[in-house]
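Fit chain B to the given chain A structure using the hints.
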Amino acid sequence: MIFAEALVMGGLVGILTGLFGVGGGFLITPLLNIVLHIPMPIAVGTSAMQILGVSTAGLYCRRREGTVDYKMAIMLFGGNLVGVRLGVRTLERMKGLGDIPLNGNALAAADFYILCIFFVMLGAIAAWILYDTTRNTQRPDVHIGLFAHIHLPPYASFGSLEERRLSIPVMCYFGLALGFMTGLLGIGGGVILLPALVYLVGMRTHCATATSLALVWASSFIATIEQSLAGNANLLLAIPLLMGGTLGIQLGVKLASRLGGPKLRQYFSLVVIATMVLVAARIVSVAV
Amino acid sequence: MATIGNVLLALLFPIAWGLVTAWAFERFGKRRRGKSSCEGPGR
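Quick note, the sequences are listed as chains A and B, same order. Read in order, the letters of the first sequence correspond to residues 1 to 288 in this note's numbering. Read in order, the letters of the second sequence correspond to residues 289 to 331 in this note's numbering.
Pulled out of the complex, with its shape left as it was, chain A reads as follows:
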């Protein structure tokens, strides 16, 4: 039964992935916990496996484009590697906290804290997308990111950027923060990484998309190893998610070519808000 439910969930998230071009990890982790009642650490670990499969397919499809800035990806991955380990260790600590009594009901501390983090994160993502779609979209692509204004030596230069010199420590800590989210929440980070590469680092969008995908792959690869060692990766759950996801993505891509335009981003924000409401309902249902 859970196989069929996971297959349907994978398919639905896959359609959204194909429609909006995001990995879907930030939807799969809370939905696995809320809809299928999978404990949060297992949901996080399994989501990392799902992201690894989806990003592998994405990289395969883009293999001839040559738009990945490997120097940038490797530098971010340095911090990412540490961040993923920190995230998984934090998750293990949360697992050890036991249950939280909420108004006579008990909820696992890991589930409660991670649902709260997801609630805040989904709210921030929805707010950002709504802000991004309502402002003037006619302006040219951002070429100088905010990180270029931070002067903290040593520096490295990147051929893909207009302002080529960027601080190495800033990039490493940025990678660490992304990796921490991958390890703790089981999200690839693409939904945050892509706008961050454009607006903070100053990359052009087509280059940012490819570099983001390469980093999400590397990050989910490490997260899968760490989560598997911690006993959080469930292959039997990942199989239907990947099966449904693969078919869903193809359907989503076809739908996206019919819809098109900025409307898609507004629909995406509605999906994010709906997930946020589900997360809030889960917290409230236990607490009240």
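If you are wondering where the hints come from, they were derived from the structure by calculation, not from laboratory data. Take the hints with a grain of salt, since some may be wrong.
Below 20 Å or equal to it, Euclidean Cα-Cα: the simulated SDA-like pairs (lysine to any residue) are [said to hold, decoys possible]:
id	chain 1	residue 1	chain 2	residue 2
1	A	254	B	312
2	A	254	B	316
3	A	254	B	317
4	A	254	B	315
5	A	254	B	311
6	A	71	A	198
7	A	95	A	113
8	A	254	B	314
Chain B is faced by these chain A residues, among others (derived, beta-carbon under 8 Å) [unchecked claim]:
id	residue
9	49
10	52
11	54
12	56
13	57
14	60
15	221
16	225
17	228
18	235
19	246
20	250
Where a beta carbon is used, it is the ideal one built from N, C-alpha and C, also for glycine.
Then chain B, alone, in the frame of chain A:
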């Protein structure tokens, strides 16, 4: 040994699945429509 096997399985299955399905959709999508189904909208 069991742990190493679990880690390898957890890594290899998603990668193999991603590669095989992307290849299959690209190959058979091309044959059907003359354009890879890997290629997203607007290209």
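Checked hints:
no., hint, result
1, 254(A) x 312(B), "holds (17 Å)"
2, 254(A) x 316(B), "holds (15 Å)"
3, 254(A) x 317(B), "holds (12 Å)"
4, 254(A) x 315(B), "holds (17 Å)"
5, 254(A) x 311(B), "holds (18 Å)"
6, 71(A) x 198(A), "holds (16 Å)"
7, 95(A) x 113(A), "holds (11 Å)"
8, 254(A) x 314(B), "holds (14 Å)"
9, 49, "holds (5 Å)"
10, 52, "holds (4 Å)"
11, 54, "holds (7 Å)"
12, 56, "holds (3 Å)"
13, 57, "holds (4 Å)"
14, 60, "holds (4 Å)"
15, 221, "holds (7 Å)"
16, 225, "holds (6 Å)"
17, 228, "holds (4 Å)"
18, 235, "holds (6 Å)"
19, 246, "holds (5 Å)"
20, 250, "holds (6 Å)"
No hint from the list above goes unmet by this structure.
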